[in-house]
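Undergrad: Here are the chains, one letter per residue:
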Amino acid sequence: MKRGMLHAWMRTLIVQASWNYDRMVGVGVAYAMEPLLRDLPGGPSNGRYRAALRRVAGFFNAHPYLTGMAAGALARAEHDGVPEAQADRLRHALIGPLGSVGDQLIWAAWLPLSAAVGLIVAVTWSVPAGAVTFLVLYNVVHLALRTWGLSVGWRAGMGVAGALGSRVLHAGLRVGAMAASFAIGLALPLVSSWLMRQFGAGERLSAGGVAALGLVLTRILVPRVSGVKLGLVLVLTALAVGALWR
Amino acid sequence: MIGALPWLLLWGTIAGLDLATVGQVMVGRPMVSGIVAGILAGDPAAGALVGITLELFALDLLPVGGARYPDYGPAAVAGAATAAGAPGLLGLGPAIAVALVVGYVGEVTVQMVRRMNSTDVQRRRAELDAGDPAGIRRVQWRGIARDTIRALAVTLAGLALAVAVRRWLPLSLRGAVLVATVAVGAAVAVAVTGALRLGGRGPARAWLVAGIVGGIVWVALQ
Chain Y
1 MKRGMLHAWM RTLIVQASWN YDRMVGVGVA YAMEPLLRDL PGGPSNGRYR
51 AALRRVAGFF NAHPYLTGMA AGALARAEHD GVPEAQADRL RHALIGPLGS
101 VGDQLIWAAW LPLSAAVGLI VAVTWSVPAG AVTFLVLYNV VHLALRTWGL
151 SVGWRAGMGV AGALGSRVLH AGLRVGAMAA SFAIGLALPL VSSWLMRQFG
201 AGERLSAGGV AALGLVLTRI LVPRVSGVKL GLVLVLTALA VGALWR
Chain Z
1001 MIGALPWLLL WGTIAGLDLA TVGQVMVGRP MVSGIVAGIL AGDPAAGALV
1051 GITLELFALD LLPVGGARYP DYGPAAVAGA ATAAGAPGLL GLGPAIAVAL
1101 VVGYVGEVTV QMVRRMNSTD VQRRRAELDA GDPAGIRRVQ WRGIARDTIR
1151 ALAVTLAGLA LAVAVRRWLP LSLRGAVLVA TVAVGAAVAV AVTGALRLGG
1201 RGPARAWLVA GIVGGIVWVA LQ
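As you go down the protein sequences, you meet chains Y and Z in turn.
Under my numbering, the first residue of the first sequence carries the number 1, and numbering increases by one thereafter.
Under my numbering, the first residue of the second sequence carries the number 1001, and numbering increases by one thereafter.
So here's chain Y without its partners, still in its complex pose:
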């Protein structure tokens, strides 16, 4: 394993610490990549070391779990002596795909899928087991993706785009959203029934009515309202009525 790889991997865990609207995750990626540049010929006093950090600390955006792939590939490009302009083109070219693949694979598939499986285990077997199932399931893929991204980025360097065509990745993208949708669909009646298990028939019917009203509001009347705002309006109204109801 290349020296500095473990350091770089650990730094990817805090890659979003300085997330900002100017450079997004650029400073974080430069911070993660830095240990991989220390053994450039001439070391940190070499102009190439600083030039590489300067470029990467500019604007950059990607899914946080795949930022290691960019850090590895860009560090490798520096070690291979790739011209500055070419390395910069690679950096720009990675922004779209690393964001889109990560968002589709993790935020739109693996996170909801793991959460749904955790919820199903929690309400059908044991609540703590559900939380543990969710954490283990989610993080096996999360940590593997971070590790794979960094190592494949370092190995492939300028050819890193080819790694995004990996069969496993594509299979994940193809079936991920469908599997997540199915799991969430399965979880919804189970969790609803679990939450309403202490309700009488009247409360169940009322909760169903509130859910239907909420759906009409979010799907038709005010489709841009976020879940937290809808919840706040409904629950705080109920709280005000409930406080007056003696």
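Among these hints, one or two may not hold up.
Covered stretches of chain Y, going by a simulated chain Z footprint (3 or more residues, C-beta under 8 Å) [said to hold, decoys possible]:
| hint | region |
| --- | --- |
| 1 | 19-33 |
| 2 | 176-185 |
| 3 | 197-208 |
| 4 | 223-234 |
Here's a subset of chain Z near chain Y, in silico, CB distances under 7 Å, partners left out [to be verified]:
| hint | residue |
| --- | --- |
| 5 | G1085 |
| 6 | G1088 |
| 7 | L1090 |
| 8 | V1105 |
| 9 | R1114 |
| 10 | N1117 |
| 11 | G1143 |
| 12 | P1170 |
| 13 | L1171 |
| 14 | A1186 |
| 15 | V1192 |
| 16 | G1199 |
| 17 | W1207 |
| 18 | I1212 |
Rather than coming from a laboratory, the hints here were simulated on the basis of the structure.
In this text, a Cβ means the ideal position worked out from N, Cα and C, and glycines have one as well.
Fit chain Z to the supplied structure of chain Y, relying on the hints for placement.
TA: Relative to the frame of chain Y, chain Z by itself:
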């Protein structure tokens, strides 16, 4: 519950940091943070109930890049602290109300921290544009410090709200049942909305419907 407040504060801060800044290993998801908070507050069942209800709210949004999303980690901690010790479902409604307020405040404070990070980056532009590793490290660690303070403050405010609601909210039995009913209904509505958004209009929508049918059959067989 009062004795558990320092631990709840620590746990809420960790959960808030996990939202994006450190790790993102999802200990800040309400299902996890609520259950742990319930154990810390001495009422695991209340923590589970609050955590699972809030998990339905959390299914609404995907934490994509610069999107705005509520901070449900400290929210679940404050919610569990509100519900701890209340019999059955009676604490659920006020707990979800507190949690949603805290979640929304968390969302606003995340934007504030991002803007402060932007200011810091602009202020240290010379160091960053020189590729100075010490400057890059400073920006990164100041970001962590800022988010730690944010998560701590949000959790502290949430716990203060929880204590106030437990002490002063005048809720009759019927009122408490009403609020719990609305909270569960709203959570289901938000989760279904999120699921429909996730399913889009393609084949995933058909899988969502198949899942719902399977879930209904499973409930019927239980």
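Undergrad: The structure should be examined with respect to each hint, and the outcome stated for every one.
TA: Hints versus structure:
1. With 10 residues carrying a beta carbon less than 8 Å from a beta carbon of chain Z, the region 19-33 of chain Y meets the three-residue requirement, and the given coverage holds.
2. Evaluation of the coverage hint for the region 176-185 of chain Y: fulfilled, as 9 residues show C-beta separations to chain Z shorter than 8 Å, against a requirement of three.
3. A count of 6 residues in the region 197-208 of chain Y with a Cβ less than 8 Å from any Cβ of chain Z is obtained; the coverage claim is therefore met, three being the minimum.
4. Remark: the region 223-234 of chain Y is confirmed as covered by chain Z, as 8 of its residues place a Cβ nearer than 8 Å to a Cβ of that chain, reaching the required three.
5. With a cut of 7 Å, the hint placing G1085 of chain Z at the interface with chain Y is violated, because the nearest CB-to-CB distance is about 16 Å.
6. Interface restraint check for G1088 of chain Z: the shortest CB-CB distance to chain Y comes to about 6 Å, inside 7 Å, so the restraint holds.
7. For L1090 of chain Z, the shortest C-beta to C-beta distance to chain Y is roughly 10 Å, which exceeds 7 Å, and the interface hint is violated.
8. At its closest, the beta carbon of V1105 of chain Z sits 10 Å from a beta carbon of chain Y; the interface hint therefore is violated under the 7 Å criterion.
9. Using the Cβ-Cβ criterion of 7 Å, the hint placing R1114 of chain Z at the interface with chain Y is satisfied: the shortest such distance is roughly 6 Å.
10. Given hint, N1117 of chain Z at the interface with chain Y, holds; its Cβ is 4 Å from that chain's nearest Cβ, closer than 7 Å.
11. With a least beta-carbon distance of about 4 Å to chain Y, the hint placing G1143 of chain Z at the interface is held under the 7 Å criterion.
12. This hint holds: P1170 of chain Z has a C-beta 6 Å from the nearest C-beta of chain Y, less than the 7 Å allowed.
13. Given the 7 Å rule on beta carbons, the hint for L1171 of chain Z holds: about 6 Å separates it from the nearest Cβ of chain Y.
14. The restraint placing A1186 of chain Z at the interface with chain Y holds, with a minimum CB-CB distance near 4 Å, inside the 7 Å limit.
15. Taken as an interface hint, V1192 of chain Z checks out: its beta carbon lies about 6 Å from the nearest beta carbon of chain Y, inside 7 Å.
16. The interface hint given for G1199 of chain Z holds, since its Cβ lies 4 Å from the closest Cβ of chain Y, which is under the 7 Å cut-off.
17. For the restraint placing W1207 of chain Z at the interface with chain Y, the shortest Cβ-Cβ distance is roughly 4 Å, inside the 7 Å limit, so the hint holds.
18. The interface hint given for I1212 of chain Z holds, since its Cβ lies 4 Å from the closest Cβ of chain Y, which is under the 7 Å cut-off.
Violated hints, in rising order: 5, 7 and 8; the structure is consistent with all others.
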